[in-house]
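Be aware that the sequence shown starts at 1, since it is given in the numbering used here, and climbs by one per residue.
Treat the hints with care, as some may be off.
Computed spacing ranges between beta-carbons, pair by pair [what the hints assert, rightly or not]:
#1 K81 - N44: 15 to 21 Å
#2 K30 - N63: 32 to 38 Å
#3 A285 - N44: 40 to 46 Å
#4 N44 - I79: 45 to 51 Å
#5 E109 - P211: 17 to 23 Å
#6 E289 - V266: 34 to 40 Å
Calculated cross-link-like contacts (lysine to any residue; reagent style SDA-like; alpha-carbon spacing at most 25 Å) [stated by the list, open to error]:
#7 K75 - I202
#8 K173 - C279
#9 K232 - K30
#10 K232 - I105
#11 K149 - N63
#12 K154 - D122
#13 K3 - G40
#14 K172 - L160
#15 K30 - E65
#16 K3 - S150
#17 K152 - P211
#18 K292 - I208
#19 K15 - M1
#20 K255 - I176
#21 K172 - Y153
#22 K232 - Y153
#23 K255 - M267
#24 K30 - K154
For the record, the hints were derived by calculation from the structure and aren't laboratory data. Please read all numbers here as calculations on a predicted model, not as lab measurements. Ideal Cβ positions, reconstructed from N, Cα and C, are used throughout, including at glycine.
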Amino acid sequence: MPKISVIIPVYNAEKYLRQCLDSVINQMLKDIEIICVNDGSTDNSLLILNGYAAQDSRIIIINQENQGPGVARNKGLEIAKAEYITFVDSDDWIELNTCEVFLNIMETENVDLVIGHLDVIDIEKEIDKTYMYERLEEIKNYYNKYKIKSGKYKFTGNFLQYRSAAWCKLYKKSIIDRYNFRFPKGLINEDEAWHWYYFSVIETLYFIDEPLYKRTIHKDTLMYNLTMKQEKIMDMVYILEIIRDYLIRNDLYTKYQSQYRDYFIVMVDVIISRCDKTCRKKVVARLEELAKNYHIIKEKRLSSRIFETILSIKNENIHKVICILGLKIKIRSKKLEHRILEKQK
Numbered sequence: 001m002p003k004i005s006v007i008i009p010v011y012n013a014e015k016y017l018r019q020c021l022d023s024v025i026n027q028m029l030k031d032i033e034i035i036c037v038n039d040g041s042t043d044n045s046l047l048i049l050n051g052y053a054a055q056d057s058r059i060i061i062i063n064q065e066n067q068g069p070g071v072a073r074n075k076g077l078e079i080a081k082a083e084y085i086t087f088v089d090s091d092d093w094i095e096l097n098t099c100e101v102f103l104n105i106m107e108t109e110n111v112d113l114v115i116g117h118l119d120v121i122d123i124e125k126e127i128d129k130t131y132m133y134e135r136l137e138e139i140k141n142y143y144n145k146y147k148i149k150s151g152k153y154k155f156t157g158n159f160l161q162y163r164s165a166a167w168c169k170l171y172k173k174s175i176i177d178r179y180n181f182r183f184p185k186g187l188i189n190e191d192e193a194w195h196w197y198y199f200s201v202i203e204t205l206y207f208i209d210e211p212l213y214k215r216t217i218h219k220d221t222l223m224y225n226l227t228m229k230q231e232k233i234m235d236m237v238y239i240l241e242i243i244r245d246y247l248i249r250n251d252l253y254t255k256y257q258s259q260y261r262d263y264f265i266v267m268v269d270v271i272i273s274r275c276d277k278t279c280r281k282k283v284v285a286r287l288e289e290l291a292k293n294y295h296i297i298k299e300k301r302l303s304s305r306i307f308e309t310i311l312s313i314k315n316e317n318i319h320k321v322i323c324i325l326g327l328k329i330k331i332r333s334k335k336l337e338h339r340i341l342e343k344q345k
């Protein structure tokens, strides 16, 4: 039986797939199985997969109609035989020692989860003029923000301290099977639900401050294209509901109520920042309804917070800085300039 099942959902990834597969088949740890789920690709992805499978018997190919990465990962979980699970997106790649490092720590430290760090790479050099570029350094330095260093940790409910992405982690298959965890079907942001599912039942984890995973950002990236897929924004709201329903159903809501409240508020900012006028009214109305029903915000109306997310005006030296949905506009202010000159006298 292999030690690790590497599950790779594949959809129209012909430009990046070879680099991904090369990084997996050449792992220093050879005792792995590689489950590639072709999610209805219409390009040459399946042809590439078949070519690699003909050369490497560890590669298993599953074909399905396009249903999204969540369903694709679920299909992989159904047939995975290994003791441990890791996910790799088909446009990303991993260091050649990733599986070996993950496995050694999992077995020597006896933890429920191993988390690695990552590099974020703009492979097409086209994102520097987009909203995503502003996020690159934030993603790279995510764990620095929380002052998390390499080591073993007891999980105490701090869901926001750890990235919610399914990749760059090693999971215990026994825990996944015990609770029958699966990704929500047909929704974007499905990683968020998976994150809450798995973290809510674990006791210990180990974080490695080493960039073992290479996360690519390009114009085809799902979250990069999110602003052009406004009909899917509501999925992010549905995920908020799915997580809360899961906590209640498993008698965990009382335990994690304050953490869920903090998460909800953070996600309001994230969701609204990605809305345009075509869906904002519907999304805001649903968020306000949930906030009221869930008793999320008592001291301040959610509408006020949402308005601040959409539009904020701040003073910066001699300029008024207006931020509208992440777009910053600087306007020279004669009043501010006059005040500064007065103070300097």
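Going through the hints against the structure:
1. For K81 and N44, the Cβ-Cβ distance of about 28 Å falls outside the hinted range of 15 to 21 Å, so the restraint is violated.
2. Here the CB-CB span from K30 to N63 is close to 26 Å, at odds with the stated 32 to 38 Å.
3. About 43 Å separates the C-beta atoms of A285 and N44, a value consistent with the hinted range of 40 to 46 Å.
4. Take N44 and I79: their Cβ atoms lie about 24 Å apart, and the range 45 to 51 Å is violated.
5. Distance hint check for E109 and P211: the Cβ-Cβ separation is about 20 Å, which falls inside the suggested range of 17 to 23 Å.
6. The hint said 34 to 40 Å for the Cβ distance between E289 and V266, and at roughly 19 Å that hint is violated.
7. For the proposed pair K75 and I202, the alpha carbon gap of about 23 Å is at most 25 Å, so the pair holds.
8. With a C-alpha separation of about 39 Å, the suggested pair K173 and C279 falls outside the 25 Å cut-off, and the hint is violated.
9. At most 25 Å may separate the alpha-carbon atoms for a hinted pair to count; K232 and K30 exceed this at roughly 39 Å.
10. For the hint pairing K232 with I105, the CA-to-CA distance comes to about 38 Å; that exceeds 25 Å, so the pair is violated.
11. With a C-alpha separation of about 40 Å, the suggested pairing of K149 with N63 is violated against the 25 Å cut-off.
12. Restraint check for K154 and D122: the C-alpha separation of about 34 Å exceeds 25 Å, so the hint is violated.
13. Pair hint K3 plus G40 does not hold up; C-alpha atoms about 28 Å apart against a cutoff of 25 Å.
14. Restraint check for K172 and L160: satisfied, since their Cα atoms lie roughly 21 Å apart, inside the 25 Å limit.
15. Annotation: proposed proximity of K30 to E65 is violated, straight-line Cα distance about 31 Å (limit 25 Å).
16. This hinted pair checks out: K3 and S150 have alpha carbons roughly 23 Å apart, not beyond 25 Å.
17. The straight-line distance between the Cα atoms of K152 and P211 is roughly 17 Å, inside the 25 Å bound, and the hint therefore holds.
18. For the hint linking K292 to I208, the alpha-carbon distance of about 39 Å lies beyond 25 Å, and the restraint is violated.
19. A C-alpha spacing of about 32 Å is found between K15 and M1, which places the hinted pair above 25 Å, so the restraint is violated.
20. For the hint linking K255 to I176, the alpha-carbon distance of about 21 Å falls within 25 Å, and the restraint holds.
21. For the proposed pair K172 and Y153, the alpha carbon gap of about 16 Å is at most 25 Å, so the pair holds.
22. Among the hinted pairs, K232 with Y153 is inconsistent with the structure: their alpha-carbon atoms are about 35 Å apart, more than 25 Å.
23. With a C-alpha separation of about 20 Å, the suggested pair K255 and M267 falls inside the 25 Å cut-off, and the hint holds.
24. A C-alpha spacing of about 30 Å is found between K30 and K154, which places the hinted pair above 25 Å, so the restraint is violated.
The structure fails to meet hints 1, 2, 4, 6, 8, 9, 10, 11, 12, 13, 15, 18, 19, 22 and 24 from the earlier list, while all remaining hints are met.
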